[in-house]
Every structure is written in C-alpha cells, then in structure tokens.
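2 protein chains.
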Amino acid sequence: MTAPGLLIVISGPSGTGKGTICQSLLKRRPDIFLSVSATTRSPRAGEIDGVHYHFRDRETFEEMIARDEFFEWAQVYDNYYGTPKGPVNTALAEGKDVLLEIDVQGALKIKKKAPDGIYIFVVPPSLDALRARITGRGTDSVEVINKRMNKAMEELAYLHEYDYIVINDILEEAVHRAESIIMAEQSRTGRFRIINDGRSDRPLVAAR
Amino acid sequence: MTAPGLLIVISGPSGTGKGTICQSLLKRRPDIFLSVSATTRSPRAGEIDGVHYHFRDRETFEEMIARDEFFEWAQVYDNYYGTPKGPVNTALAEGKDVLLEIDVQGALKIKKKAPDGIYIFVVPPSLDALRARITGRGTDSVEVINKRMNKAMEELAYLHEYDYIVINDILEEAVHRAESIIMAEQSRTGRFRIINDGRSDRPLVAAR
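Those protein sequences? They're chains A and B, same order as listed.
The numbering of the first sequence is my numbering, which starts it at 1 and goes up by one.
The numbering of the second sequence is my numbering, which starts it at 1001 and goes up by one.
Next comes chain A alone, as it looks inside the complex (with noise of 0.2 Å):
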C-alpha cells in the first residue's frame, strides 16, 4: 500500500507571479508532479503536447465533459480549458504529490471536487506592485489594465476560502514559503500510522 500523495493547489489574481513561484518549486522539488492543463486551442510555437498543455480536438474534449473527465473546465472565447482528472489521481495514488496552477475561478471549482486539497493564495505585496507587473507585461491600454486590476481586487476576496497565504514580494521566500507548506502538510499527524510489528530496527511510524 502506498500512502496517497498531497493535491497542492497554487491559485491566485493573474499577476501575483504564481507561475512564476510554481517553476520554482518544480525545480527545486522535481519530485512533484504538475498537472497539465488540456485545451482545444492550437498549440503554439514550441508549444509541446503533454508538457505546455494537452492539446485535443472540440470533439474530444466534449466527450471528457461528458465523461466528467475534469476536475473543471471553463470555455474562454472559442476554445475549451480544462483540468483533467485521470492523470492527477493516478499520480496521487502512486504517492506523488502534485501541483495543480490555476486561477481563482478554477481552484474554487476543483475545491468542490477535491477539498482534501491543500488551497494556497498567491498575494501580492501591494496594489503598486500589482499594478507594475500586470503593465509591465505588454503593451496594454490603461482601460485593459484597470479592467484587469479590477478583477484581481474581487478576486483578492476570495482569500479566506484557501487555507494559506503566499505573500510573493520577494520570489525565493515566496518559494520557501510554498515548500513549507508542502513539508508541514508531509508532517500532519493524520498521515502517519504507527507501525507494531516487533522489529526493533525499523520505522516506529510511516506514512499511512
């Protein structure tokens, strides 16, 4: 029997930098498992199937909707995004943890599924600091820009359906912040049993 791994889901306002905080994680911990999001949009240049995003036709996709094959889905425009369920639990079942990126819309539809999840919201230190990062991606206007700080001020208010903050001001005690988490999660003692089978010298306790 193999304990089941950790569902660790890094949300937040688009902005914050969670991708950014997840590569980090990946790379410091490539023992987690990240999900991979599925799409019908076309992949784009260097784009790979199974790594950027599963890329699936319109047909596929509606039959795992009608599967129920995703922990959520969303149709953005004209294409499909989706969270699929059968890779997150086959990792999970073999121990692994995973990682699951998304936004706050999503991460409370997968909450509904999965609330044995451990819910991380990814902060900003500010609304200047927000503000900079959502400018400094490209050359949006200022209506695009506020209609999107707008969104993340509602989205802020989400917060207290998550069980930890990540305030991301500085990127590497944001990520140590994260793998903390993951590590005292490792340690609750509801993961453990105690082990009593007489041998002296081995584990007194282990993973469930």
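If you are wondering where the hints come from, they were derived from the structure by calculation, not from laboratory data.
What follows is a list of derived Cβ distance ranges for each label pair: (1) B:1090 / A:27: 40 to 48 Å; (2) A:116 / B:1077: 41 to 49 Å; (3) B:1059 / A:208: 45 to 53 Å; (4) A:208 / B:1141: 33 to 41 Å; (5) A:200 / B:1090: 43 to 51 Å; (6) B:1077 / A:196: 27 to 35 Å; (7) A:172 / B:1113: 32 to 40 Å; (8) A:196 / B:1074: 25 to 33 Å.
For each residue, glycine too, the CB sits at the ideal point set by N, CA and C.
Got chain A; can you put chain B on it based on the hints?
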C-alpha cells in the same frame, strides 16, 4: 493592535531528542520566546534563575497553583514542576511565537487549556535508536532502561493527539521540518485580513 503569536508545543517521549531540536530551533530562530518552567527543586551548579528554571520555594509555588497560574503542573517525588501562564501569555500578546518543550503528560494537559496551540510530537526513527539514546545517557541498569522504553512506547500511543509528527533521525532535517511547520502555521489564511485603506503602496493583506 498586534497579531497574537503562535504557541508551539514540542513534545514526545524522553530519549527522542526533543530538547536538542528545541535548542537548534532557537539558535536558528532567535525571535522565538522559550517558555521556562518553574520548580521547587534547588538550582544545580551553573543553573540560572529565569534561564534554566524559575526557582521558587514551596510556599510560592503552592500560591501560584491556588491562583491558577500554571498551564500545567506536576509533583515529581518531593518537588513541583510547572509551566507558568504569565510569561507565555505576555509574549503571545506581544505577537511573539512561544516555544514550549514538555513531556507527553504535560502537553496533553496544556492542550486542554490552549487548544489553539500547535502540537508537535517528536518520534525516534526506531526502537533501537530510542534504546541507544536512553542507554547512552548514563550508567542506568537494564531494568531502569526497560522501564523507560516501556514508558516511551506507552506515550507513543498519544501521537494522534498531536497536530504534527517530526521523526528525529537526522537532527538537521528534524529541525528544518519543525521550522517549516512554524512557517506554514504563520501562513494560515485565518491569521490574515485584507487591508482596504486605499493606499496602493501598502500591503494588501496583513496579520490579524
């Protein structure tokens, strides 16, 4: 208003090395306030009042018991030992995290009075390792060692009263794990509030 600190209780059977973990933790985190026990026993050579123990005479100790000034206290042979509430509560109110190292009986008593604390159970990696540590302490008889081993095994059964397990195999790893648990608990959503003061250069969230 200052956010209250965390009460961190590190406990476990004797011989598990919880004292060494606490000492290492305090070296790495000098911001943590160590709770000092009170006792009626006489100071040994080199022991300083207020550092190793609060040395009190019997009458004073009994008055403190009568005034409910202990989280827990116990009589061991002719002497009293106890955990005074005052310094712990003062430090917590000032926003300091407080570390309390205590045996299993004491920790269970404290948990009744302070259920919001973080209870960490230190476990030896194996029975052989536990025996080696208990034996290594001095020149005790096999009988005394067996008695201690049995007591440790009895205490191990209380593991599920605790929030977290730290297996003390390699000291550095055990200390790192304890530190991660503290960091994760500091990151719990319930400890934060959203700040909405219209100042875009200031933190968006802060400790309660």
